[in-house]
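S.K.: Chain residues, written in single-letter form:
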Amino acid sequence: MTDSGASSIPNEPDAVSASKRRVLIVIPAWNEHESVGSVIEEIRSVNPEWDLLVVDDGSTDSTAAAARQAGAGVVSAPFNLGVGGAMRVGFRYALNHGYDVVVQVDADGQHNPAEIASLLAGFDDSPVPQMVIGARFAGSGDYDVQRARRVAMRLLAASLSRMAGEKLTDVTSGFRAHNRQAIAIFARFYPTDYLADTVESLAILARSGGRVTQRPAVMRQRLAGRPSQSKWKASVYLARIVLVLGLTLIRRPPHVS
Amino acid sequence: MTGVHIIALVSALVTITVIVELIRRRYIHERFAVIWLLVALVIAFFAIFPTIFNSLAHSLGVKDPPSLLSVLGVLFLLLVCVRLSWEVGRLQERTEVLAEEVALLRKEFEDAAEGAPTRD
Numbered sequence: 001m002t003d004s005g006a007s008s009i010p011n012e013p014d015a016v017s018a019s020k021r022r023v024l025i026v027i028p029a030w031n032e033h034e035s036v037g038s039v040i041e042e043i044r045s046v047n048p049e050w051d052l053l054v055v056d057d058g059s060t061d062s063t064a065a066a067a068r069q070a071g072a073g074v075v076s077a078p079f080n081l082g083v084g085g086a087m088r089v090g091f092r093y094a095l096n097h098g099y100d101v102v103v104q105v106d107a108d109g110q111h112n113p114a115e116i117a118s119l120l121a122g123f124d125d126s127p128v129p130q131m132v133i134g135a136r137f138a139g140s141g142d143y144d145v146q147r148a149r150r151v152a153m154r155l156l157a158a159s160l161s162r163m164a165g166e167k168l169t170d171v172t173s174g175f176r177a178h179n180r181q182a183i184a185i186f187a188r189f190y191p192t193d194y195l196a197d198t199v200e201s202l203a204i205l206a207r208s209g210g211r212v213t214q215r216p217a218v219m220r221q222r223l224a225g226r227p228s229q230s231k232w233k234a235s236v237y238l239a240r241i242v243l244v245l246g247l248t249l250i251r252r253p254p255h256v257s
Numbered sequence: 001m002t003g004v005h006i007i008a009l010v011s012a013l014v015t016i017t018v019i020v021e022l023i024r025r026r027y028i029h030e031r032f033a034v035i036w037l038l039v040a041l042v043i044a045f046f047a048i049f050p051t052i053f054n055s056l057a058h059s060l061g062v063k064d065p066p067s068l069l070s071v072l073g074v075l076f077l078l079l080v081c082v083r084l085s086w087e088v089g090r091l092q093e094r095t096e097v098l099a100e101e102v103a104l105l106r107k108e109f110e111d112a113a114e115g116a117p118t119r120d
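For the record, the sequence lines run as chains W and U. Under our numbering, the first residue of the first sequence carries the number 1, and numbering increases by one thereafter. Under our numbering, the first residue of the second sequence carries the number 1, and numbering increases by one thereafter.
It is worth saying that the hints were derived from the structure and are not from the lab. Note that the structure is predicted; figures quoted are calculated from it, not measured. Hints may be right or wrong, so weigh each one.
To be verified - Distance condition first, Cα-Cα at most 25 Å in a straight line; then the derived SDA-like pairs of lysine to any residue:
hint : chain 1 : residue 1 : chain 2 : residue 2
1    : W       : 233       : U       : 29
2    : U       : 107       : W       : 233
3    : W       : 231       : U       : 34
4    : W       : 167       : W       : 220
5    : W       : 233       : U       : 38
6    : W       : 233       : U       : 8
7    : W       : 233       : U       : 83
8    : U       : 107       : W       : 79
9    : U       : 63        : U       : 17
10   : W       : 233       : U       : 34
11   : W       : 231       : U       : 3
12   : W       : 167       : W       : 92
13   : W       : 167       : W       : 128
14   : W       : 231       : U       : 31
15   : W       : 233       : U       : 36
16   : U       : 107       : W       : 65
17   : W       : 233       : U       : 30
18   : W       : 233       : U       : 31
19   : U       : 107       : W       : 96
20   : U       : 107       : W       : 78
21   : W       : 233       : U       : 32
22   : W       : 233       : W       : 158
23   : U       : 107       : W       : 128
24   : W       : 167       : W       : 249
25   : U       : 107       : W       : 231
26   : U       : 107       : W       : 158
27   : W       : 233       : W       : 82
28   : U       : 63        : U       : 101
29   : W       : 233       : U       : 35
Looking at chain U on its own, in the form it has when it is part of the complex (with noise of 0.2 Å):
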């Protein structure tokens, strides 16, 4: 067993371990545990089989694997980056809806408070 693999179990470790305790804490919901739960899962895969990577990586015609990594780690990472712009618009959205209905019951609410509400 080479230096590299050692650092590569050891990250997938502790890549597995911290995740599985964040979903363990309720840190991450059920939305984004699946994709780190994968994610860990396939790097301590290829950590302790590296030479099913290698091979993956010359049957695609690649000569050197490593490279492969490097560039399907920020596939995944632009990929996730997609779908965080996503939900973050989708939470700024909500956070306007919530606002907006704020504004409303307050305006609603002082109305109520001064007994006769002042429209026609």
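The shape of chain W in the complex, shown without the other chains (with noise of 0.2 Å):
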């Protein structure tokens, strides 16, 4: 029997001062083994007091390895969950170690470790739930999407605008900063379906008094991996996001005590 290999999780202080936020970078990684090490050497240089949990989403290659190596603690999913599962995982494990902060950052390299205290300093001091998104404005680095998906998002990024009586522009961003509240929140309510991880979220957060704001940030080119760009599958993209939408305004949001 070998080592499991579990056992390279992130230092726990033991005392905390009440001043100084504990700060959990949350990384969902499925199949990333090429980007994820230097994402994660990357937020080390930035500030080394974070500390970094990748989530090994049932990957198939060597994306645990390379993020231990990297000096990340690791959980490994036994299958692959999808992005909200992943994040769900780093949620518990926040609220279970006491984490003030969790941060989601992608392991493709597409967000910028540089911009993560600028998310930071998005919250106030307001004991609701809170969220802040990086957000990619139009005209911002060299990101383009297609027509279909541009749409999808101004619709999105309406109607999600309204219910958070805040002007969002990009609630499908996977670059986000959340506060304890939501941690306890989503450590239980984390939406997991496809999409709705990020549209439904938002509007869990909303509606249950919490407060979402963003931040501009821009996104980079991925270092590996590359985004879905045929016609049809942008479509189809579409067709997914009114349908999560519409799903959202009809779903009571789960009962928060």
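Work from the hints to combine the two standalone chains into their complex.
M.R.: And the structure:
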């Protein structure tokens, strides 16, 4: 029998002063062995105080090993859960270990770790669930999207902005920070359906009296992998967005006590 | 409006209400919500415009529209059964993987609890 390798979890300081926020960076990763290492190294070079947790989402490549070697804590799901499921693992870990903030960062390198601090500055002192989204704006960065996709995003942004009472331009961004109250909710209720993880999570927070805001962020080209860009896929994406939005609107928010 | 149409309309309304309520209460997940929402809408459509269904049946050469309805219904339910079998298989596989994972974790946990694991 060999060692399970699940031993290298982020180290826990036993006593933390209340003023100092404990930040956990959660990186959902599915077959991202090419990029996950450099993403981790880059985050560590920005701020070595942040703990890193890679949720290896049933990868069949060496993602877990690459992440561990780069110095992150790794939890491996026995099969693919999807981004939503992987994030719920991260939120539960954060809740169990008393973290104050969870920041979601993609493993493909499209999020700039230097901008995490800007997300963290987006929280205010109110004791309500809060989420700060790193939003790409039209024209910023070299990120281009298909028209159908753009229509979908605009539609989504408009209706979710109304729900949140705050102007949001990029609600499907996977670059987000969550405070302690949001962690407590999402550890139980983070949506796991495809696309619902980004859209419905926002709605859940907004409807349970939370505060959802955004900060500008520049998306970079992915280090590995490529976004789906075919016309057909973009149209399916639009249809699914409309569906998810519809479901989100009729669904009762989970009972948060 | 005949009695049949009223029955159709009422059952369509009941179907839609039940399905929307189940989705609203989060008993039905997205992957199945789509199917049942479509079913509800189709039933409602033909309940409101029964003549469209009748002419559809006639254009397909079916003399008795209700029998087309039964055939389509049975075919659809068959498809749903196939889909459910597939889902059940997937769930079973995942349950097995989880059980294996738990068994392995328990062993490792016991080894760790003993302090010095008895391995070479």
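S.K.: Straight-line Cα separation of residue 107 (chain U) and residue 79 (chain W) no greater than 25 Å?
M.R.: holds (20 Å)
S.K.: So if I understand the rule, the pair passes when the alpha-carbon distance is 25 Å or less; does residue 231 (chain W) with residue 34 (chain U) pass?
M.R.: holds (22 Å)
S.K.: Starting from residue 107 (chain U), check that the Cα of residue 96 (chain W) is at most 25 Å away, please.
M.R.: Roughly 23 Å between the alpha carbons, so the hint for residue 107 (chain U) and residue 96 (chain W) holds.
S.K.: Check the hint pairing residue 233 (chain W) with residue 83 (chain U) against an upper bound of 25 Å on the C-alpha distance.
M.R.: Cα-Cα ~23 Å, so holds.
S.K.: Has the given pair, residue 233 (chain W) with residue 34 (chain U), been kept, meaning a C-alpha gap of at most 25 Å?
M.R.: Roughly 18 Å between the alpha carbons, so the hint for residue 233 (chain W) and residue 34 (chain U) holds.
S.K.: Do the alpha carbons of residue 107 (chain U) and residue 233 (chain W) lie within 25 Å of each other, as the hint requires?
M.R.: Violated, at roughly 45 Å.
S.K.: Would you mind confirming whether the straight-line C-alpha gap from residue 233 (chain W) to residue 82 (chain W) stays at or under 25 Å?
M.R.: Holds. Residue 233 (chain W) to residue 82 (chain W) sits at ~18 Å (cutoff 25 Å).
S.K.: Keeping to a limit of 25 Å between CA atoms, is the pair of residue 107 (chain U) and residue 128 (chain W) held or broken?
M.R.: violated (42 Å)
S.K.: Under the criterion that the straight-line Cα-Cα distance not exceed 25 Å, is the pair residue 233 (chain W), residue 32 (chain U) satisfied?
M.R.: Given pair residue 233 (chain W), residue 32 (chain U) holds - Cα atoms ~21 Å apart, limit 25 Å.
S.K.: Is residue 167 (chain W) close enough to residue 249 (chain W), meaning Cα to Cα at most 25 Å?
M.R.: This hinted pair holds, its Cα atoms lying about 18 Å apart.
S.K.: For the pair supplied as a hint, residue 107 (chain U) and residue 65 (chain W), confirm whether the alpha-carbon distance does not exceed 25 Å.
M.R.: holds (22 Å)
S.K.: Can you confirm whether the C-alpha distance between residue 233 (chain W) and residue 158 (chain W) stays at or below 25 Å?
M.R.: Holds - the C-alpha atoms of residue 158 (chain W) and residue 233 (chain W) are around 22 Å apart, at most 25 Å.
Of the numbered hints given earlier, the model fails hints 2, 6, 9, 11, 12, 23, 25, 26 and 28; all others are met.
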